[in-house]
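With chain W fixed as given, assemble chain H onto it according to the hints.
Protein chains: 2
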Amino acid sequence: MKTYKALEQTFCRIAAVNGALAMLGWDQSAMMPDGGARARAEQMATLSVVRHDWLTDPALGERIARAETEAGKLSDWQQANLREMQRQWSHATALTPALVDARSRATAACEMVWRKARADSDFKAFAKAFRPVLDLTREVAAAKADAFGLSPYDALLDEYEPGGRAARIDKLFAELGGFLPGFIDKAMAKQAKAPAILPLDGPFATETQRAVGLRFMKALGFDFNHGRLDVSLHPFTGGVPDDVRLTTRYEEADFTKALMGVLHETGHALYELGLPKAWRDQPVGEARGMALHESQSLLVEMQVCRGDEFLGWAAPILRKAFGGSGPAWEEPNLRRVYTRVRPGLIRVDADEVTYPAHVILRYRLEQALLAGDLAIADLPDAWNDGMSSLLGVEVPDDRHGCLQDIHWPAGSIGYFPTYTLGAMAAAQLFAAAKAQDAAILPGIGKGDFRPLLRWLRSNVHGRGSLLTTDELLQAATGKPLGAAAFKAHLKARYLS
Amino acid sequence: MKTYKALEQTFCRIAAVNGALAMLGWDQSAMMPDGGARARAEQMATLSVVRHDWLTDPALGERIARAETEAGKLSDWQQANLREMQRQWSHATALTPALVDARSRATAACEMVWRKARADSDFKAFAKAFRPVLDLTREVAAAKADAFGLSPYDALLDEYEPGGRAARIDKLFAELGGFLPGFIDKAMAKQAKAPAILPLDGPFATETQRAVGLRFMKALGFDFNHGRLDVSLHPFTGGVPDDVRLTTRYEEADFTKALMGVLHETGHALYELGLPKAWRDQPVGEARGMALHESQSLLVEMQVCRGDEFLGWAAPILRKAFGGSGPAWEEPNLRRVYTRVRPGLIRVDADEVTYPAHVILRYRLEQALLAGDLAIADLPDAWNDGMSSLLGVEVPDDRHGCLQDIHWPAGSIGYFPTYTLGAMAAAQLFAAAKAQDAAILPGIGKGDFRPLLRWLRSNVHGRGSLLTTDELLQAATGKPLGAAAFKAHLKARYLS
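Which chain is which? The protein sequence lines are W and H, in order.
Using my numbering, the first residue of the first sequence is number 87, and each one after it goes up by one.
Using my numbering, the first residue of the second sequence is number 87, and each one after it goes up by one.
To be clear, the hints were calculated from the coordinates, so they are not data collected in a lab.
As the structure is a computational prediction, the values presented were derived from the model and not from experiment.
Among the clues, some could well be false.
Said to hold, decoys possible - Below, simulated DSBU-like cross-link-like pairs (lysine-lysine); rule was C-alpha separation at most 35 Å, straight line: (1) Lys532/H with Lys406/H; (2) Lys159/H with Lys343/H; (3) Lys304/H with Lys202/W; (4) Lys565/H with Lys343/H; (5) Lys363/H with Lys202/W; (6) Lys577/W with Lys565/W; (7) Lys276/H with Lys88/H; (8) Lys257/H with Lys279/H; (9) Lys520/H with Lys532/H; (10) Lys279/W with Lys520/W; (11) Lys573/H with Lys532/H; (12) Lys230/H with Lys159/H; (13) Lys363/H with Lys214/W; (14) Lys202/H with Lys363/W; (15) Lys257/H with Lys230/H; (16) Lys363/W with Lys214/H; (17) Lys577/H with Lys520/H; (18) Lys202/H with Lys304/W.
Isolated chain W, as found in the complex (with noise of 0.2 Å):
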C-alpha cells in the first residue's frame, strides 16, 4: 500500500506539470501575442522535459511491478489507477530520449513548411518536410510495437485510444463504408425535394453570439466557476478539469458555425467537468480516451443540438437574441441548415453523413503511408482517387486535399479513426441513454438538460479510465461499439 500511494504522489506531481502544459497551451492559442512564442516554446519544451524525466525514472518503473504484485490489497479504481500508471510509464518508455526529441523537432519543422505549403497548394515543399516525419513516426510505431506486442499501426493508435486495434476498426468501417455511399444519394434524393433552406441574413454581432453560446453552455450545465469560454483560430477544449477552457472563433456573416462550434466544445467540456473528482490528478480520473472524447463533443453537438427537441427549444431563442423573423427563423428551416447534407472537400467543413467518408480515406492512406506501401509522392493521387470514389468530389488542389489537415505533419498518425469511432459511441449511447430515461428528451425540448447530463455523468463522464471503451460502452448500452446505432441515427434523422 506504501508503494502504491507513493506512486500517486509522483503522479500528482506529473498532474499538475500536465496541467501547466494545458494552461500554457490554451493561453498560447487564445491569449499570447506572436512575440510570445519563442520564451513560450522555451517554458513548455522545459516542463516537457521535466514530466519525461519523471516519467521514465526507472524507479518508477521499479515501483510500478512492485505495487502491481501487491495489487491484491488494492480497491477497483486503484487497481485501474495503477494500470493506466503503466500505460502512461509504458508508452513513456518504449521510445529514447533521442527518438522524442528528433521526432519533437521534425514535426515542429514539419509544421511550419505545412502552414506554408498549405496555403500555396505546394506538395513538393510539404513532402520533403514530411520525409523525416514519416520515417521518425515508423521508428516510434517500431519501436512501441516492439515494447506492447502490437501491430506498428496498433501502437500508434493505442496512443489516442487505448486499446484500440485496427481489425476492429476495420470491420465497423467496412460496415459503414458499405452502406454510407448509398445512403448518401438516398438523404441528397430527398433533401432535394425538401423546401429550400431560406437564409438566414447577418451581420450577427460577435458579442451577440457570444452571449448565445454562454447562455446554451449555461443550460447544458456548464460550470462557470471551473471554466471558461474565449476565442482562438482554431477551436479546441483545454486547460484542466478543474478549469476547462474553450474557445471558439465567430463570423460576423455567419452564427451557425461558431455556435454549433461552442456546443461540440461544450460536449468536450462537460465530460472533463464530469470526470471522478475523487481521482482528480490521478491517470485513472483522466478522460478514456479520444473515441469517448469525441462521442461527448459529438453527443451534444450531432445527436442532441442539431435535433428536433433542441432546436425546437432554441429557434425563439435565436429569434430574440439576434432579432430575426419569418420563416427563415421557425424550427423547420433551422434544422434544414442544421442538417443539411453536402459531399465536399474540407473535413471540418463536413455534415455528420459525408464526415466518416473523409475519415475513412485518411484512415486507409495513413495505414499505407506506414506501412510503406503508399509512397509519399504518391498520395495526392491515392487522395483525389478516395475523395472520387469515396464522395464523389473532385478535388482541385492539394491545399483541398490531402494538405488541409496537421495530424500528419504533426506526426498523429492512428488519431483519423477516433473521430468515427466517436460518433459511433455517440449514437449509441444517446439511444441507450434515451431509452434508459424517457425525461431526456422532453427535457431537452424544454432547454432542460439535467436528465441527460445526469445520464452522462453516471455512465460515462464519472467512470473517468475505470474502464476500457468497450467495458464502458457495454455498462452503459448493453452492447460493445457498433456501428448499428448510428446508422440507425442517420436513417431516423435523414429518410424518415
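Chain H alone, transformed into the frame defined by chain W:
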C-alpha cells in the same frame, strides 16, 4: 568557459520555469475562475519545488565556485551574470527546504485570514495568523543574515533591492522626513488658493477607458506584439519580457484612476520589454531590483503623465474619447485633478507628496516588528500614532489602518522602502534625461515619447542587472541615489 556555459544552460531552464510560473500567476489573477484555484495551487507549488531543487542543487554551487575561479576569461556581462547566479543561488540555499515550506504555508494561511480580517477590521484574528509568519520571517532573516554577514533586516531587503541597506535608507528617509511635513503644508496652502477642481462627470464606458489606455500605451512605446492589457482586481505587471501582461481595473464613475493605473503599469512594462535581448533567460538579463522597477513606473506615471506637457497633449484626446467639454476638460483642471495633495489613510490612493509618509511609517514599524522592539499586539496603536504625527490623520479602524496592505501577511518585510527609493530614483533619472536630451520634454508635449524611451532604453532598461542600482544611477545621472531631485521635482510642481 565550459563550466560557465553549462551554468547558462541551467539558468535558462530555471528562467523557463520562472516564466511558466509568471504566466500561471497572471492567469490566476486575470483569467482563472475561482474553481480553478486548487489545481492552480498544485501546478504552481510543483513548479516552485522544481525550481528550488534546481537552484539548490549542490552541483550548481560547485559549478558556480569553479566558474568564479575562471572569471577573468569572461566578458563584463558574463561576469555580472555569474555574480547574479551566485546571488540567486545564495538566497535559495540560505534557507532549508523545511523553512521555505513552513513559511510558504504560514503566509498562505495568513493571507486567507487577512482577507477576512481586513474586511471585518478584526486585528485579533489577524494577529493570531500573523504570529507564525513573523516568527518564520525572523528565522529567514536570521538564516540569511548569517549566510551573507548582514543585519537581519538588510538580509530581507536584499531580496527585493539587491545591495540595499537600511543605514543608507535611514539617511535618505531622514532627509525626506525632515522636508515633507513642512512641504505638505505649503503645497496644501497653495492648492487652497487655486481654483476649485471641477468634476469630470461620467459614466465612462469601460470599453472607452480601455481604448484610451491602449492608445496611450501605444504612444508610450508599448509593443502589443509582446504583451497585452487585461483586467484584474489588483492591477499589476506580470508575464515575461517577451510577453508582458498588464492589468488594470475600471470604475465607470471615474476614468482617472484606471487611466493613471495603466500608465503606471506601462512604466513597469517598458522596463521589462526593454531588458537586454541578448541576455534573455539569464539572471543578468533581469530587471535590477524593485527600486529601479518602481522608478520606471513612477517615472512614467508621476514624472511624465501627471506633468503639464503630457496633460496638455492628453486633454483633447480625453475630451474627444469621453465626449467631455468645458473648462473641466481643459489641461489646467486635469492637472489639478492629477496633482491634488490630500493626506489620507490609504497608501495606494495617496498622492506623490504624501506617499513617502506612508512608506516611512511602514519602514519603521517593520524594522521594529522584526527586531522584536514592537509586539504584534501593539501594532495598531503604533500605526495610528504614526499616521497622526506624520500625516495628521486619525485612523478610524484597522481596516483603514495597519490591515490595509498585503505585504506583511504575505511575509514581505523589506519591500516597502523600495516604493520611495523608486520615487527618488524616478525624479533623478527624469531630471537627468531632460538635461541630456532637450527633445524629451517637447516630445512628450506632442505625444512623441521616442526620445524619452530611447534614453531609458540605453540608460536603464537595456542594462538589465549589469550594474548595481547605484552604479546605474551614477552612470545615468552622475550621482548615486539621493533625495535632491525628488525634492526639487516636488517644489517645482507644487510650489511654483
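Status of each hint after checking the structure:
1. Lys532/H with Lys406/H: Since the Cα atoms of Lys532/H and Lys406/H sit roughly 17 Å apart, the hinted pair holds (cutoff 35 Å).
2. Lys159/H with Lys343/H: violated (51 Å)
3. Lys304/H with Lys202/W: holds (31 Å)
4. Lys565/H with Lys343/H: Distance ~33 Å between Lys565/H and Lys343/H Cα, so the pair holds.
5. Lys363/H with Lys202/W: holds (28 Å)
6. Lys577/W with Lys565/W: holds (20 Å)
7. Lys276/H with Lys88/H: violated (64 Å)
8. Lys257/H with Lys279/H: With a Cα-Cα distance of about 34 Å, the restraint between Lys257/H and Lys279/H holds, given a limit of 35 Å.
9. Lys520/H with Lys532/H: Judged against 35 Å, a Cα distance of about 15 Å means the pair holds.
10. Lys279/W with Lys520/W: holds (30 Å)
11. Lys573/H with Lys532/H: Since the Cα atoms of Lys573/H and Lys532/H sit roughly 27 Å apart, the hinted pair holds (cutoff 35 Å).
12. Lys230/H with Lys159/H: Holds - the C-alpha atoms of Lys159/H and Lys230/H are around 31 Å apart, at most 35 Å.
13. Lys363/H with Lys214/W: At roughly 33 Å apart (the allowed maximum being 35 Å), Lys214/W and Lys363/H satisfy the hint.
14. Lys202/H with Lys363/W: holds (28 Å)
15. Lys257/H with Lys230/H: holds (24 Å)
16. Lys363/W with Lys214/H: Holds, at roughly 33 Å.
17. Lys577/H with Lys520/H: Status holds; Cα separation ~17 Å.
18. Lys202/H with Lys304/W: holds (31 Å)
In the structure shown, a violation is registered for the earlier hints numbered 2, 7, in ascending order.
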